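Novice: What follows is each chain in one-letter form.
There are 2 protein chains.
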Amino acid sequence: MRGRMRRDLPPGEPEQSSYSLGSPIVGYGVARVVDSRHSDFKKGDLVWGRTIGWEEYSLITTTEYLCKINHTDDIPLSYYTGILGMPGITAYFCFFNIGSPKEGDRVYVSSALGAIGQLVGQFAKLIGCYVVGSAGSKEKVELLKTKFGFDDAFNYKEEHDLDAALKRYFPEGIDIYFENVGGKMLDAVLLNMRHHGRIALCGMISQYNLEQPESVQNLIALLYKQIRMEGFGVTEYYDQYSKFFDFVLPYIKEGKIVYVEDIAEGLETGNIALKESICFAAGNGTVRVHFWSDIWVENQSLRSLFPRLLSLSSKKDGWIADMGDLELTMEERTSY
Amino acid sequence: MRGRMRRDLPPGEPEQSSYSLGSPIVGYGVARVVDSRHSDFKKGDLVWGRTIGWEEYSLITTTEYLCKINHTDDIPLSYYTGILGMPGITAYFCFFNIGSPKEGDRVYVSSALGAIGQLVGQFAKLIGCYVVGSAGSKEKVELLKTKFGFDDAFNYKEEHDLDAALKRYFPEGIDIYFENVGGKMLDAVLLNMRHHGRIALCGMISQYNLEQPESVQNLIALLYKQIRMEGFGVTEYYDQYSKFFDFVLPYIKEGKIVYVEDIAEGLETGNIALKESICFAAGNGTVRVHFWSDIWVENQSLRSLFPRLLSLSSKKDGWIADMGDLELTMEERTSY
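Residue numbers (numbering that gives the first Met the number 0), protein chains in the order written: chain A, 0 to 335; chain B, 0 to 335.
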């Protein structure tokens, strides 16, 4: 969602365009179909995917990014907004397809306690990699080492010299960098990559709020060390969802992969939750989604009793330029 | 060779280390075996490859980067230092393996009149790409368009705004950037890449002489547009030489691929030629190479009548830090 709060998105399909003022936020959610004339979806189906609005009932006009849920009681529905949803599929395909990991690889994950990073670290451990993560507080670092099984972790805010820190944790260099940060962190990592290393470019959180992007100086390492660096886009992996699902579900059921969620209850708490960068997850609300003009889906991801809509607005010249400029408001909306 | 005239090369195999003062320059050459006890090579064999010194007779201790030549009269031996040698194999595998071209792709080649660039442009045309190259003079630009069949070309020195120039030549964006330059050029290209574009990173000529590498600001494009960028190293492709050779030879014989060479005659002209960045190619000299302790190869790439050795030295604190600091001298050498 953060990526869509910018005006400088590259041209792309409408789903990837920036948010419009006054329209409900659109994101990933879990929903239930309340009406449908689409042959693949029928009343009562549970789905997760993109284009589900932060609203009680939504009309969905494309099913391209919608996956059906075969719900079982031992898996919380909220997982389909996280480990079994977009963050999970992103972690899996970005790490395995771009990172091309193998046993013994040395893996560094930045922003490692994020919804994606925490999974990447666990995936890497499952196949026998050495994994170090970085995060922004002592508490997060402890969680990485204790709850998520990272071999080591450090607080990047305490490191004045990121290059030196990486050399301490990776004296023989890094095979795979799972990139969530960009800027100075990427520059330091480039100095520490191994020959034929891979940089799986999943995000650049340090750059999104900058008017001018931070510069990177050490790109020549890509040449000297024949490194591959590639940006990841999740939308083209939805058709491989079952591959990911079949891989991850047994590990979840066996408790070999853990996942933590921050849950804010109720649509009306969404603005605060989003501002605090809390992940949204399960609720019992009734958000209705209509797709291909005749399909109605009841969204389970947000709880609200009334057909109110959460809208996003900005104080700055009609655009959402910065998280600090966000104004989230509840609006009455009676028709589509 | 230019890459080895630096002190800050990453640790690697001995062949990739920086040049040592007082030792003959080692590079790519064409040679003839004058003595051998290695089962794969016999007296009289013609070979091309790395580790052949700029000297009359050389001792070669590894055959890893040596390829045999099946010489025919219609192909000049000098071609094995160019189109049929390292530049050729680099152009081919870097473009096809990293660039992953397909018919209709829009290809941009920087430093396009270089030994590699001129081939990449022609390979791209052969499979139906639209190809634009850049070079540093009006004459070079004309050659690209007339002799090498590029769809278009421009003189980057005349462009104050590289981004605007690229938008002029690629209004719909670039699918493949064959990168020989780095720095500002790369930054401008990043703004003009298409979704799922590929950047085949072959060289960064603008960066080699800088004390501090130039910074790049637009890397986030890799993320937004899911671009793959990868550094190329030729050494791991020698075992696929026949694949390249079988592809390119018919085109050369049919005149569908052209190649130009700058030839300096004689080992004793090498220092001037190298300083002027002139490609070295065929001569009739007798440079002898000995590998695996018992194999002697007569090098055909340089002409010299005496067992003199060309050595490289630097004015700056024992290292070759900069082309401007190069001092090439001829030295007597009587034993190995």
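Some hints could be false.
Given that identical chains are not distinguished, each listed pair holds provided it fits within a single copy or across any two copies.
[What the hints assert, rightly or not] Here are the simulated DMTMM-like pairs of lysine to aspartate or glutamate, each with C-alpha atoms no more than 20 Å apart in a straight line:
1) Lys-224 - Glu-213
2) Lys-41 - Glu-157
3) Lys-183 - Glu-213
4) Lys-67 - Glu-171
5) Lys-166 - Asp-150
6) Lys-224 - Glu-235
7) Lys-137 - Asp-150
Hints are computed from structural coordinates only; laboratory data are not their basis.
Since the structure is predicted, the reported quantities are computational estimates derived from the model, not experimental observations.
Novice: All the hints need checking, so say for each whether the structure fits it.
Specialist: Structure-based check of all given hints:
1. For a Cα distance limit of 20 Å, the shortest separation of Lys-224 from Glu-213 across copies, 18 Å, qualifies, whereas the shortest one inside one copy, 23 Å, does not.
2. Neither within a single protomer nor between protomers do Lys-41 and Glu-157 lie at most 20 Å apart by alpha-carbon distance, with minima of 53 Å and 62 Å respectively.
3. Taking the shortest Cα distances, Lys-183 and Glu-213 sit within 20 Å of each other both inside one copy (8 Å) and across copies (15 Å).
4. Taking the shortest alpha-carbon separations for Lys-67 and Glu-171, neither the intra-copy value of 44 Å nor the inter-copy value of 36 Å comes in at or below 20 Å.
5. In the homo-oligomer, the alpha carbons of Lys-166 and Asp-150 lie at most 20 Å apart inside one protomer (15 Å), although the nearest pairing across protomers, at 47 Å, exceeds that limit.
6. Proximity of Lys-224 to Glu-235 under the C-alpha cut-off of 20 Å is restricted to the inter-copy arrangement: shortest distance 12 Å between copies versus 29 Å within a copy.
7. Taking the closest pair of Cα atoms, Lys-137 and Asp-150 come within 20 Å of each other only inside a single copy of the chain (16 Å); across copies the shortest separation is 57 Å, beyond that limit.
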